[in-house]
Amino acid sequence: MNASARGTNPATLFQRVSQHGLLWPVLALVVLLLACGLKSPGFLDVATRDGNLYGQLIDLLRNSATPLLLALGMCLVIATGGIDLSVGAVMAISLAVSLTHLASVPDPSAPGAVATAVVLGLVLGVVIGAFNGFMVTALGIQPFIATMILMVAGRGIAMLITKGQITTVTSPPFKSIGSGFVLGVPVPVVIAGAVFVLVALAVRRTALGMFLEAVGTNREASRLAGVGARSTTWVVYVLAGLLAALAGIVYGAPTMAADANNIGLLKELDAIMVVVLGGTRLDGGRFHLGGLVVGALLLSTLERAVIVFELPSQTTPLFKALVLIAVCVAASPALRSRWRSRPPRTRRPVATEVAA
Amino acid sequence: MSTGLSPQAPSGAPPRPSTRRVRALVDRVDRRFLPVVGTLVTLVVMLGVGQQRYSTARSDFLSMRLLSNLLLDNSYLLVLAVGMTFVVLAGGIDLSVGAVVALVGLVTAKLFTAGAPLPVVLVLGVLIGTCCGLLIGVMVQVFDIQPFIASLAVMFLARGLANVVSTNSLKIDDDGFSALASWSLKFGEGRETWRINASMLIAVGVLLLAVYVLHYTRFGRTVYGLGAGDRGAAVELMGLRPARTRIGVYVISGTCAGLAGILFALYTKSGFNLTGIGMELDAIAAVVIGGTLLSGGVGFVLGTGAGVLVYGLIQVLIAREDLDSWWTRVFIGAVLLAFVVLQKVIAGRRR
Chain A
1 MNASARGTNP ATLFQRVSQH GLLWPVLALV VLLLACGLKS PGFLDVATRD
51 GNLYGQLIDL LRNSATPLLL ALGMCLVIAT GGIDLSVGAV MAISLAVSLT
101 HLASVPDPSA PGAVATAVVL GLVLGVVIGA FNGFMVTALG IQPFIATMIL
151 MVAGRGIAML ITKGQITTVT SPPFKSIGSG FVLGVPVPVV IAGAVFVLVA
201 LAVRRTALGM FLEAVGTNRE ASRLAGVGAR STTWVVYVLA GLLAALAGIV
251 YGAPTMAADA NNIGLLKELD AIMVVVLGGT RLDGGRFHLG GLVVGALLLS
301 TLERAVIVFE LPSQTTPLFK ALVLIAVCVA ASPALRSRWR SRPPRTRRPV
351 ATEVAA
Chain B
1 MSTGLSPQAP SGAPPRPSTR RVRALVDRVD RRFLPVVGTL VTLVVMLGVG
51 QQRYSTARSD FLSMRLLSNL LLDNSYLLVL AVGMTFVVLA GGIDLSVGAV
101 VALVGLVTAK LFTAGAPLPV VLVLGVLIGT CCGLLIGVMV QVFDIQPFIA
151 SLAVMFLARG LANVVSTNSL KIDDDGFSAL ASWSLKFGEG RETWRINASM
201 LIAVGVLLLA VYVLHYTRFG RTVYGLGAGD RGAAVELMGL RPARTRIGVY
251 VISGTCAGLA GILFALYTKS GFNLTGIGME LDAIAAVVIG GTLLSGGVGF
301 VLGTGAGVLV YGLIQVLIAR EDLDSWWTRV FIGAVLLAFV VLQKVIAGRR
351 R
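Heads up: the sequence lines are chains A and B, in that order. Position 262 of the first sequence, counting from 1, maps to 262 under full-length UniProt numbering, and the rest follow consecutively. Position 11 of the second sequence, counting from 1, maps to 11 under full-length UniProt numbering, and the rest follow consecutively.
Everything labelled a hint here was simulated from the structure, so no lab data went into it. Glycine is no exception: its CB is placed at the ideal position from the N, C-alpha and C atoms. Take these hints with a grain of salt, some might be off.
[Said to hold, decoys possible] Just so you have them, the derived chain A footprint on chain B, three or more residues with Cβ under 8 angstroms:
(1) 136-148
(2) 151-158
(3) 280-286
(4) 335-342
[Unchecked claim] Quick partial rundown of chain A residues pointing at chain B, CB under 7 angstroms, derived from the structure:
(5) I141
(6) F144
(7) I149
(8) A153
(9) T217
(10) N218
(11) L282
(12) R286
(13) L311
(14) T315
(15) L318
(16) A321
(17) L324
(18) I325
(19) C328
(20) A334
With the hints as constraints, model all of the structure from the sequences given.
In structure tokens, the structure reads:
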């Protein structure tokens with residue numbers, strides 16, 4: 001933003017809003033929510049039952065937790081100019097490991113067993129993230145292929161862990177990770193919120209965020225400038241693996257069934273979609289964490305809207321596609337420059353980076 | 001990364017002209033063919049292992065029958081991978097092909113139920129793929145959306161449309177279609193019988209056509225140029241047409257996906273909305289195993305053909321070893337890993 005665009009008069013304000021990367025996603029979200037509210041009158045109500053919050057909106061928040069967790073890791077990876085296709089498979093593996101461990105202990109409800117199960121799942125996520133990081137940094141393999149290897153093999157590995165079965169266990173404490181409440185707020189929302197704050201603090205209050213953007217903009221230049229490009233890249237892949245493992249546990253906990261073939265299927269694509277809807281371009285170099293929340297909410301609202309409007313739930317991908325295309329095209333540089341050139345050009349040209 | 005096409009800097013003290021010429025020749029062979037040589041070596045090793053372990057007194061593992069079965073089972077994958085090779089060489093990616101296969105299969109089945117004649121159905125089926133490809137191409141070229149996202153959107157679109165058409169498996173019982181599916185030429189006797197059918201002919205035809213287009217036409221050269229990594233600037237300066245070509249590769253990939261959809265329908269004689277989940281990855285894996293660099297600009301479509309054979313052989317070997325089917329995915333991951341590392345080693349030595 002240059003100085004002249006920072007004025008407070010309505011024209012420049014309008015201009016700033018209309019140029020903002022999140023304008024279209026936020027508009028889409030608001031329109032969808034209002035449409036759902038009109039179609040089903042109770043949609044926007046939030047009630048308290050037994051001190052816990054209930055309602056469609058709360059469900060939306062709960063459903064947004066998994067995509068948000070995945071998208072947080074994905075966004076950081078994308079900021080370094082990479083991509084992580086393995087997160088869906090990591091979800092399946094971490095849940096498989098957690099539940100297999102729980103199924104093997106005498107008392108699955110014991111707090112110790114649950115803690116071990118969760119930690120096991122998370123550790124595996126870290127290991128996988130480290131493997132991806134190793135491939136990308138040490139071997140210099142393109143992130144797309146490096147992470148695709150585990151995307152292809154990961155489900156097979158999860159099947160090996162569960163021996164081809166759908167492992168099921170009963171363990172109320174584990175189940176509450178996905179379906180419980182803390183102070184009236186659903187646990188997944190609390191977890192996602194806490195992780196979001198932690199990640200946001202880590203990248204915006206320390207130098208990590210700047211390192212990420214430096215690496216994503218120009219790896220070689222950042223290395224020459226003294227940024228530890230390798231260690232930074234390792235950190236983000238490990239973080240993405242860890243968050244994916246956490247997402248797998250949060251997502252699978254309510255059903256307590258490790259279905260290696262279907263848990264997290266195509267979730268990596270949902271996560272990338274959330275990142276893109278949130279205004280981060282796949283080129284790397286800059287990222288917007290706040291946009292992820294909007295993106296995740298938009299995704300789960302879309303999924304819910306299909307049900308509210310009594311459309312067959314199988315048509316959800318169709319609407320995902322329409323929203324994705326609409327938002328991308330609306331935010332595309334080609335259209336922006338056309339709109340920008342329409343009013344008489346009295347102001348100084350805005351820097352093109354605004355498009356990001 | 002475009003090391004494959006960049007001029008090589010002479011290293012160390014200049015050797016005698018004759019040795020230098022030999023080394024330059026070896027380097028040139030290295031540079032362009034080594035990844036494909038790796039694929040061929042893998043293929044030979046796998047065939048050797050198969051021959052060792054599964055040959056019986058009465059029949060060899062290595063036979064025309066094996067080759068014919070490999071082509072029979074993977075003709076749709078070959079067509080998909082050939083289309084994907086174009087996109088990858090141009091530095092893009094197409095994630096929509098699996099969903100397009102499902103959509104084409106279902107539309108084909110639906111059209112037959114509605115009583116449409118065979119030629120119309122076949123042409124419409126392929127055109128659906130073409131339209132999907134065109135959509136991606138326009139998004140990538142005109143609106144400057146990354147190929148990953150553009151093709152992801154079209155993947156969701158095709159998958160959603162397929163779900164709208166039907167969520168049940170639709171049987172195809174058109175007479176002409178069945179005749180096309182069961183038509184084959186038989187060769188050999190008894191256990192050595194092998195056959196050629198329509199799908200195989202189409203797949204091999206597509207492969208040969210792709211070899212011609214990529215290596216002997218102006219369009220092909222432009223595709224390689226686009227993948228060189230400067231967003232088509234060099235291509236533009238050379239007076240070629242990057243915009244048209246960039247849309248063109250997605251149209252080709254989409255058309256191939258449409259054709260593959262028809263072939264898959266011929267193979268299964270039905271359409272189902274859940275087919276082709278992950279098929280785009282199979283195609284990309286075959287392209288990578290075939291020695292094409294995912295960053296674009298380097299590779300051969302014939303290598304992709306070999307990649308598809310490796311892919312099919314993995315499944316045959318797993319089945320012969322009586323391992324559970326999920327091992328297939330683990331093995332394909334391992335082979336992919338081996339190839340990627342191999343390519344890296346080759347690329348590293350070149351520098």
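Results of checking the hints against the structure:
1. 136-148: Result for this restraint: holds, n = 7.
2. 151-158: As far as the segment 151-158 of chain B goes, the hint holds, because 6 residues have Cβ atoms under 8 angstroms from chain A.
3. 280-286: holds (count 3)
4. 335-342: With 4 residues close enough to chain A, the hint holds.
5. I141: Because about 5 angstroms separates I141 of chain A from the closest Cβ in chain B, which is inside the 7 angstroms limit, the hint holds.
6. F144: 6 angstroms, holds
7. I149: Because about 5 angstroms separates I149 of chain A from the closest Cβ in chain B, which is inside the 7 angstroms limit, the hint holds.
8. A153: With Cβ-Cβ at 2 angstroms, under 7 angstroms, it holds.
9. T217: 16 angstroms, violated
10. N218: N218 of chain A check fails; min Cβ-Cβ to chain B is 14 angstroms, beyond 7 angstroms.
11. L282: 5 angstroms, holds
12. R286: It is violated, given that the least Cβ distance between R286 of chain A and chain B is near 14 angstroms, above 7 angstroms.
13. L311: 9 angstroms, violated
14. T315: Constraint on T315 of chain A satisfied, holds at 5 angstroms.
15. L318: 3 angstroms, holds
16. A321: The hint holds - A321 of chain A has a Cβ within 7 angstroms of chain B, the shortest such distance being about 4 angstroms.
17. L324: 4 angstroms, holds
18. I325: 5 angstroms, holds
19. C328: 5 angstroms, holds
20. A334: 5 angstroms, holds
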